[in-house]
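Note that the protein sequences, when read in sequence, are chains A and B. Once you know that position 62 of the first sequence is 161 in our numbering, the rest is easy, because the numbers rise by one and skip nothing. Once you know that position 93 of the second sequence is 85 in our numbering, the rest is easy, because the numbers rise by one and skip nothing.
These aren't lab readings, by the way, just hints derived from the structure by calculation. Treat the hints with caution; some may be incorrect.
Said to hold, decoys possible - Now the stretches of chain A that chain B is said to cover, found in silico as 3 or more residues with beta-carbon under 8 Å: (1) 142 to 156; (2) 166 to 175; (3) 178 to 192; (4) 196 to 203.
Said to hold, decoys possible - Dumping the calculated PhoX-like pairs for lysine-lysine here, alpha-carbon to alpha-carbon at most 20 Å: (5) A/225 x B/8; (6) A/105 x A/166; (7) A/170 x B/260; (8) A/223 x A/206; (9) A/265 x B/6; (10) A/127 x A/166; (11) A/166 x A/137; (12) A/128 x A/170; (13) A/234 x A/127; (14) A/273 x A/128; (15) A/225 x B/6; (16) B/260 x A/166; (17) A/225 x B/260; (18) B/260 x A/227; (19) B/94 x B/260; (20) B/6 x B/94; (21) A/265 x A/278; (22) A/224 x B/8; (23) B/8 x A/223; (24) B/8 x A/227; (25) B/260 x A/223; (26) A/234 x B/94; (27) A/115 x A/128.
Said to hold, decoys possible - Cβ-Cβ distance ranges computed for the label pairs, FRET-style: (28) A/211 x B/215: 45 to 51 Å; (29) A/164 x B/128: 48 to 54 Å; (30) A/219 x B/265: 28 to 34 Å; (31) A/228 x B/215: 38 to 44 Å.
Values in this document were obtained by computation on a predicted structure and should not be read as measured data. Glycine is no exception: its CB is placed at the ideal position from the N, C-alpha and C atoms.
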Amino acid sequence: MEYILKTEGLTKRYGKHNVVNQVSMHVKKGSIYGFIGKNGAGKTTFMRMVAGLAAPFAGTIELFGSKELEKQRVRIGCLIEQPGLYGNMTAGENLEVVRRSLGITEKKAVEEMLDFVGLSDTGKKKVKNFSMGMKQRMGIAIALFRNPDFLILDEPINGLDPEGIKEIRDLLLKLNREKDITILISSHILGELSKVATHYGVIREGNLIEEFSTEELRMRCRRCQKLVVEDEKFAANILEERLHITNFDVPEQGVVRVFERLEDTVKTNRVLAEAGVGIRESYLTGQDLEGYFMDLLGGGANV
Amino acid sequence: MFNLLSAECFKLRKSKNLYICCSVVVFFIIFIYGMLLLAENIQSGNVQNGTGGVYVTQEATTEGLIMENLNVLDFYQQLFTGEFISILLAIFVSILVVEEFKSGAIKNVVGKGYARETVFLAKFFSAAIGVALLLLVSAVVTILAGLFFLGEHALYPGILADFGSFFGLQLWMSVALSAVFVLISEIGRNVAAAISAGIGVVIVSGMLFSGLDMLFKGSGFHPSEYWLICMSELCPAGGFETGYVVKTVVVSLLWIAVALAAGIWHFKRADVK
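Bound-form chain B, shown alone (with noise of 0.2 Å):
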């Protein structure tokens, strides 16, 4: 397992895959500072309302100026609430993953002595680097941008303990996600066919889990709170408890459980082109 994660690790550093979405995540953020500042600067009157299709109604005198009212943790959780992140999750393992079927390279692996098991475990940690890299460069880049953008007030005092505590839970959900991503990959073993089935899940997954809460409105049963793309989305930025954390981690870990297993399971009778 040692020599396959440190051959991963090292097709990691090679890879464009990782380095075109760590750029796609810093350009994300600072694109979206950037229409903040914006807005913030239509709302003072500095700029015309309706400059690069940016209106904005809330009134300055009353609310406050938008980005007074923002801290970076406020700003990495937005980030979490759309899709935006899972669906780079997606595209990132889907490619990671594919590539090793698609190159034919899976094969200078696979009948070298490892088993089959851990040879799809490697992937698995070698996604879950990515991903948390991934994770990390988005961290960094809200808070150092935040700096700029928002100046002093975004840092409050204690509000990186927060951030890592939200940092950890959103990273740990991630590795989750990317697992089932992996799942999915290994099975359809074509970019296309993985980026699409993997968009679709970070997509649909909301709408049917939404109306299976409906579904079991009344029984104090809601569906959606066992979802890995739900619970980052509802993830709260701070006043942890600790029985949310621990169900997090928890129902985390069971997804990555039943995503390994499955893949395993599919990895060992499949023959591999």
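So here's chain A without its partners, still in its complex pose (with noise of 0.2 Å):
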């Protein structure tokens, strides 16, 4: 498996306290990564350590298969809470500034990277007058010079209209399938986040509490008949032998989840009682991504 990010106990301590706590983070080649977690639970302070933007206290973090961070960052480009731009100049002298410190010798480079963030248009406009939404794109814009192969995004869609968030998303979603870019992202918009993570981690109060891919997290969220029964083995032969039900998993010891014959669950448990499995619970059960999420995340309202 070929990892870009790959993060073993990444600790950050401020004081006595554990802003990021031993937190193993695996970002897969061509993943589009989202990053969830409330607010101050880590994750801009876990990003800034992946950038080199902070000094993590404990753990280590590999970058492209490396240990060698600051030659392997160079292939990072980053969106870190707000973008950092000077406000008295214009778009096109703020990307200057960013090719001569990346030392992209071509000059039009500026204009290319202006025209596909959109922003070619804004002529002698200086910065400090964009709306917001440019200035992400400038943020973004800023990221992608000297084409990186792995992007790292802390809430890129912060304060955008609708508009503006559905071409970021397109933009990211472009960046990922067209050039290969592999995406870490962060987002407290939910719904957004799971139109283009294709895998995710959930941080809560510095630690990070599970990795899984879209497929997986559809399988959690997948509607379903729950058994909590006394013998899980007994039930499963049952529900094969009698009813021919083969779509079915036990995902922990006395619990059987059924994925099939949800309109006929009466019979289901008829079935499984007349044969002597003990029911201690028997209901219909799915969530939505934001309710699991909201699950995970032990509620609340910044999410």
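Join the two chains into one complex using the hints; note that each chain is given alone, in its own frame.
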């Protein structure tokens, strides 16, 4: 498995408090990794450590399979918190500073990048007069300079209007599909994140509590009949032999999830009971993505 | 480093900070010349004493007219005996450095394959270039305005050589002082705090070193001879001895080394927001 980013036990401590605690994250090549957590959960701090803006207290970071981070970070583009822009310069002048800093010799790279992010017609307008969406696009333009292989975007759609959000979403999908850029993106807007992410990581109070793919997430959120039984093996046998149900799983001891015949759960319950399966609970369940994440994150309004 | 310097020069070119500070220097020099002209007119009886709040006690008949006794080098030396230039440098460097942190633009270079020390040094060189431009403007305006206000006697034969030497020493000390201000700004990372601390250093250090001189009185050791602001104020306008020049260069170099080492040490450990 080729990982673009792999961290092991990454920890950041301020005073006696670990704001990022033992985080082991795995971002696969070509994926769009949605990083989810409440405000203050440690997302930005984690991203800043990966980007080299903050030093870890403990743990290791591997980028592109290497621990020579200074060398590998050249291949990363970042937009962390607010984009770093000079308010008294135009969009072109801001990108000219970045072009020179990064040693890009082609002067037309500035024009091309402005064109790419849709800011080529801003002319002599100073960046301080830009809208939030335009500034975010400038931030993405800076992150995309030097054609990175890995993009780190912290809340890139914050403060954008629906049209701006769609533009950024389309841009990310284009970069991922056409340029094969791996993306680590954090956002509070779970609905939007679920439209682009292929993998997820959930952070709570500095701890990465789970990592999973979109497929796994769909499976977890799938509608099913959940049975809490005395003997899950016996129940599974009855489901297969008498009801000919094959689409079920046993996620944990004493629990069986049935994904078919959901329209006739009465029959399923009756057959199992007649066969002598001890049923403690039986109910239909299934969540939307937001509900699932809320459960993982322990609820709260600011997710 | 070359890439970073190229970007820094571009930023300097676009920097309002530099143009405003240069304008302030130009205005200040012309203002002082203007004040001297007014004083001379009072002295010669053309204008009533006290006009514009200017009072002249020096008799024209015994000591000559004020501007007759003045040349551009004297005038330029006077610029450095006050704290005006040092305070202006503190303001210029503070804004130049803190702007990077305030705008977040420092994130565009940190973690982009450059070592932190390279980023810090590039900022110092940028400040040094800006300081050099400021001093160059002050020198050119002093000479040109001097010719206008003082007339031909503003330039005596050989004055340009002395002026060049004085300018070179002041430039070298100012660059060293800018390293100290870069250090203060990097640690402060707030424009108001950095400017306040910088001006505080300029104003308080003179008194502090005078006190230290008194403390070491009799030992032959004068701490103020090793502090940049005192050195700048006491720098002679001519008759430069090799020993003095070497001492000035070496002490300034030491201050640059100490300030940069401390700044790099801090910048390497500090998080960038």
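So, going through the hints one by one against the coordinates:
1. 142 to 156: With 6 residues close enough to chain B, the hint holds.
2. 166 to 175: holds (count 5)
3. 178 to 192: Holds: 11 residues of the segment 178 to 192 of chain A have a Cβ under 8 Å from chain B.
4. 196 to 203: n = 6 at 8 Å, threshold three: holds.
5. A/225 x B/8: Cα-Cα ~13 Å, so holds.
6. A/105 x A/166: holds (10 Å)
7. A/170 x B/260: holds (17 Å)
8. A/223 x A/206: Answer holds: residue 223 of chain A to residue 206 of chain A is near 18 Å, not above 20 Å.
9. A/265 x B/6: Judged against 20 Å, a Cα distance of about 34 Å means the pair is violated.
10. A/127 x A/166: Judged against 20 Å, a Cα distance of about 16 Å means the pair holds.
11. A/166 x A/137: Given that 20 Å is the threshold and the Cα spacing comes to 29 Å, the pair is violated.
12. A/128 x A/170: holds (18 Å)
13. A/234 x A/127: violated (29 Å)
14. A/273 x A/128: With Cα atoms ~16 Å apart, residue 273 of chain A and residue 128 of chain A stay inside 20 Å; holds.
15. A/225 x B/6: holds (12 Å)
16. B/260 x A/166: Status holds; Cα separation ~19 Å.
17. A/225 x B/260: Measuring from Cα to Cα gives roughly 32 Å; hence the hint is violated.
18. B/260 x A/227: violated (30 Å)
19. B/94 x B/260: holds (18 Å)
20. B/6 x B/94: At roughly 17 Å apart (the allowed maximum being 20 Å), residue 94 of chain B and residue 6 of chain B satisfy the hint.
21. A/265 x A/278: Holds, because 19 Å separates the two Cα atoms, which is no more than 20 Å.
22. A/224 x B/8: Answer holds: residue 224 of chain A to residue 8 of chain B is near 16 Å, not above 20 Å.
23. B/8 x A/223: holds (16 Å)
24. B/8 x A/227: holds (14 Å)
25. B/260 x A/223: violated (36 Å)
26. A/234 x B/94: The given pair, whose Cα atoms are some 16 Å apart, holds under the 20 Å limit.
27. A/115 x A/128: violated (35 Å)
28. A/211 x B/215: 45 to 51 Å: violated (58 Å)
29. A/164 x B/128: 48 to 54 Å: holds (51 Å)
30. A/219 x B/265: 28 to 34 Å: holds (30 Å)
31. A/228 x B/215: 38 to 44 Å: At 51 Å between Cβs, range violated.
Of the numbered hints stated above, those contradicted by the structure are hints 9, 11, 13, 17, 18, 25, 27, 28, 31, listed in ascending order.
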